[in-house]
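Going down the list, the protein sequences come from chains A and B.
Those letters in the first sequence? Residues 1 to 269, per the numbering used here, in order.
Those letters in the second sequence? Residues 270 to 741, per the numbering used here, in order.
Incorrect hints may have been included.
As the list claims (entries may be wrong) - Reference excerpt, derived from the structure (chain B facing chain A, CB under 7 angstroms, subset only):
(1) Pro641
(2) Thr642
(3) Val644
(4) Ala649
By construction, these hints were calculated from the structure, which means they are not laboratory data.
Heads up, the beta-carbon is just placed ideally off N, CA and C, and yes, glycines get one too.
If you want the building blocks of each chain, they are given just below.
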Amino acid sequence: MSLAPTGMRSKPSTGWSSPVDVGASTANVAVEFRHVSKAFGTLSVFEDLSLQIPRGHTTAIVGASGSGKTTLLQMINALEQPDAGSIAVMGRPVPTEDLESFRRGIGYAVQGAGLFPHLTAEQNVTLVARLEGWSDERRQQRFQALLRTVGLDSDVSQRLPRQLSGGQQQRLGICRALMLQPDVLLLDEPFSAVDPITRLGLYESFEQVKTTDPATVILVTHDLREAKRLADFMVILDQGEIVQVGVPTDVLANPATPYAERLIESQLS
Amino acid sequence: MVGSKNFGESYLLAEIAAQVLEAKGFDVKRQLGLGGTLICYEALKNGEIDLYPEYTGTLSQAVLKLRGKANREQINQSLGPDGLVLLEEYGFNNTYAVVVRHTLAEQLGLKSISDLQGQNLNFAFSHEFLQRQDGWPGLARRYGLDDPVTGIEHGLAYQAIADGAIDVTDAYSTDGELQRYKLRILTDDQAYFPEYRAATLVRANASPELRSALSGLGSMLDETLVQALNAEVVLAGRSFQEVAAKFVRTNALALGISAQTKVSGSDSMGANGWLAELWGHFLRHLQLTTSALAGAIALGLGLSVTVYRHRRVAEGVVYLCGLMQTIPSLALLALMIPLFGIGFVPAIIALFLYSLLPIVRNAITALSTTDPTLVRVSRALGLSPWEQLRYLRLPLATPAIFAGIRTAAVISIGTATLAAFIGAGGLGEPIVVGLSLNDTDMILRGAIPAAILAIAVELAFAAIERKVSPPK
Numbered sequence: 001m002s003l004a005p006t007g008m009r010s011k012p013s014t015g016w017s018s019p020v021d022v023g024a025s026t027a028n029v030a031v032e033f034r035h036v037s038k039a040f041g042t043l044s045v046f047e048d049l050s051l052q053i054p055r056g057h058t059t060a061i062v063g064a065s066g067s068g069k070t071t072l073l074q075m076i077n078a079l080e081q082p083d084a085g086s087i088a089v090m091g092r093p094v095p096t097e098d099l100e101s102f103r104r105g106i107g108y109a110v111q112g113a114g115l116f117p118h119l120t121a122e123q124n125v126t127l128v129a130r131l132e133g134w135s136d137e138r139r140q141q142r143f144q145a146l147l148r149t150v151g152l153d154s155d156v157s158q159r160l161p162r163q164l165s166g167g168q169q170q171r172l173g174i175c176r177a178l179m180l181q182p183d184v185l186l187l188d189e190p191f192s193a194v195d196p197i198t199r200l201g202l203y204e205s206f207e208q209v210k211t212t213d214p215a216t217v218i219l220v221t222h223d224l225r226e227a228k229r230l231a232d233f234m235v236i237l238d239q240g241e242i243v244q245v246g247v248p249t250d251v252l253a254n255p256a257t258p259y260a261e262r263l264i265e266s267q268l269s
Numbered sequence: 270m271v272g273s274k275n276f277g278e279s280y281l282l283a284e285i286a287a288q289v290l291e292a293k294g295f296d297v298k299r300q301l302g303l304g305g306t307l308i309c310y311e312a313l314k315n316g317e318i319d320l321y322p323e324y325t326g327t328l329s330q331a332v333l334k335l336r337g338k339a340n341r342e343q344i345n346q347s348l349g350p351d352g353l354v355l356l357e358e359y360g361f362n363n364t365y366a367v368v369v370r371h372t373l374a375e376q377l378g379l380k381s382i383s384d385l386q387g388q389n390l391n392f393a394f395s396h397e398f399l400q401r402q403d404g405w406p407g408l409a410r411r412y413g414l415d416d417p418v419t420g421i422e423h424g425l426a427y428q429a430i431a432d433g434a435i436d437v438t439d440a441y442s443t444d445g446e447l448q449r450y451k452l453r454i455l456t457d458d459q460a461y462f463p464e465y466r467a468a469t470l471v472r473a474n475a476s477p478e479l480r481s482a483l484s485g486l487g488s489m490l491d492e493t494l495v496q497a498l499n500a501e502v503v504l505a506g507r508s509f510q511e512v513a514a515k516f517v518r519t520n521a522l523a524l525g526i527s528a529q530t531k532v533s534g535s536d537s538m539g540a541n542g543w544l545a546e547l548w549g550h551f552l553r554h555l556q557l558t559t560s561a562l563a564g565a566i567a568l569g570l571g572l573s574v575t576v577y578r579h580r581r582v583a584e585g586v587v588y589l590c591g592l593m594q595t596i597p598s599l600a601l602l603a604l605m606i607p608l609f610g611i612g613f614v615p616a617i618i619a620l621f622l623y624s625l626l627p628i629v630r631n632a633i634t635a636l637s638t639t640d641p642t643l644v645r646v647s648r649a650l651g652l653s654p655w656e657q658l659r660y661l662r663l664p665l666a667t668p669a670i671f672a673g674i675r676t677a678a679v680i681s682i683g684t685a686t687l688a689a690f691i692g693a694g695g696l697g698e699p700i701v702v703g704l705s706l707n708d709t710d711m712i713l714r715g716a717i718p719a720a721i722l723a724i725a726v727e728l729a730f731a732a733i734e735r736k737v738s739p740p741k
């Protein structure tokens, strides 16, 4: 079964690879954007954007700063609302009420980890599980398993974030995102705020995670090498428009637009 | 309940009346040293006190604003609508006097107020004198004096004039200090000042027993006697309770008290007595500040967590709290009286209002400026606004909130010294009395413990903060 994201643009342009049809079955779609528009005041971010992101794989959304990739991600877990159009996650539309339950089913990790500075590593990761009423035992089991997966020693448990390195904090951020075993995991440039060696270690941890906790991963990044290494599919955004979609190796070998070409040239030559 | 204003003679007359009543079997409580004529008047009308010593001139000029010189019958007619009545006069006239140093008077040949024209001297008067219709404004007009004037606290004026810092000030003609500071009263050659004949002011519905008990004081005191009594307090340093007791004992028969009856008011300011009294003031002060602070914390935090998310409302709330701070604390206390009377309750309410700003402003600012990334993360984690508050915003806002409470606590302790002006007690009590009697020791007896308390509270908070804060 060959799956690839389908992107559609209202304005056709020359030379970009035709999307591979996912097929009519929504069972294979994790997230679907339909004719979504979004503006911040007078600044338009998206106009009539449509996109399908396949289930069970890692899809990278790449582009320069200002391309709208973070906003795209934030519309998935309703941190931002579209002005027009609709978004569906795992076949169900993004709700307008009871957002808490909805969001607890989606993992979210950000650059810099965003751990609460006054809570220990363990308290940070297990907070929502505690609110969900998980027993102490179940929380501990899951927490320890996640630590092992990302390659952290359990003696980080009682430390406060400021007593941990950037890499350790980032790993904990991912543990927190995975704590409730979500079907969808949103990553907003989680690997960019660390040094290259630590970053390599994080890539390895991430790959471990994919084996133990398979989920749909949507990864926003500006780093093409990262996309190539970690993602099964890639979407290139240029100022709110999808300019190319496909498998990373294909996309990188055959840039579809001058922008895509420039993007690739700036990073990989 | 016997009240008095906060100057020496008022304390003395009130204490005499109180002891006479006690000797005649009444159960007497005292609420002395209330800050000013209007406060006493309102308190009497409201039933907070039952009597206090007042003067005919003050009533006719400052309170009732009558024209010309009114006698007691005319005054009582005007008091009718307020439900008050002035009883028999004590027998002396304590009028306003304009005084200068004796040496200066000799030097410039000053004998009457008219002689002050064109002399370019340094004028300073008490605040009440400057404001009252029967005070400076009218005096300046009548005598054609256009000198600039400053306001000064009556109790401090004597030291100031003796030191030469000022040349002319107001005094009461029966003040004990006039002798001690070698001051000459300038004659009122234009007959400007009305008479201020002292008598007890009560409500019209006072019981006949009370009235007849007080009638014994009628015509008992002349100017010389009053000056002597005042001097004993101010110059000889005796407490006014002591001086009053001696007077009552000496004149027991004339006052209608059997010579056998024990007169209260023995020297309670003895060596051990004052320490116990101070401890009482201290506890009361603590009571005032902790009650007010507890209320401010509860309401302030409650308000803050409710409005912090709505910017306009939050700004409005902070603005309102700030507004209350701009009202001078003494004015705020006085404004409470028509609503809540005098004593503990209005003092706590005023202190509570004063403590709100530091707490509310810090809390709202800290809650609304939580790191936006962390806020976004908390939303994405699926925390409700209440959970965000509880697990993120409040914990991170704690240092700022704590600092606000600390500031409010220290401010409260200082401001609470003013509570004595509306009869709430506390460490302000010795300060107020000391100011009116020009007794520095007494002032310090209130001021030093208050300062120590403020410092102790500051240090205590600092210690708690160190324990609660995470280690570096």
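A quick look at each hint next to the structure:
Restraint check, proline 641/B versus chain A: the minimum CB separation of about 10 angstroms is more than 7 angstroms; hint violated. Interface restraint check for threonine 642/B: the shortest CB-CB distance to chain A comes to about 5 angstroms, inside 7 angstroms, so the restraint holds. At about 10 angstroms, the closest approach between the beta carbon of valine 644/B and any beta carbon in chain A exceeds 7 angstroms, and the interface hint on this residue is violated. The interface hint given for alanine 649/B is met, as the beta carbon of that residue sits about 4 angstroms from the closest beta carbon of chain A, less than 7 angstroms.
Taken one by one, the earlier hints fail for this structure at numbers 1 and 3, listed in ascending order.
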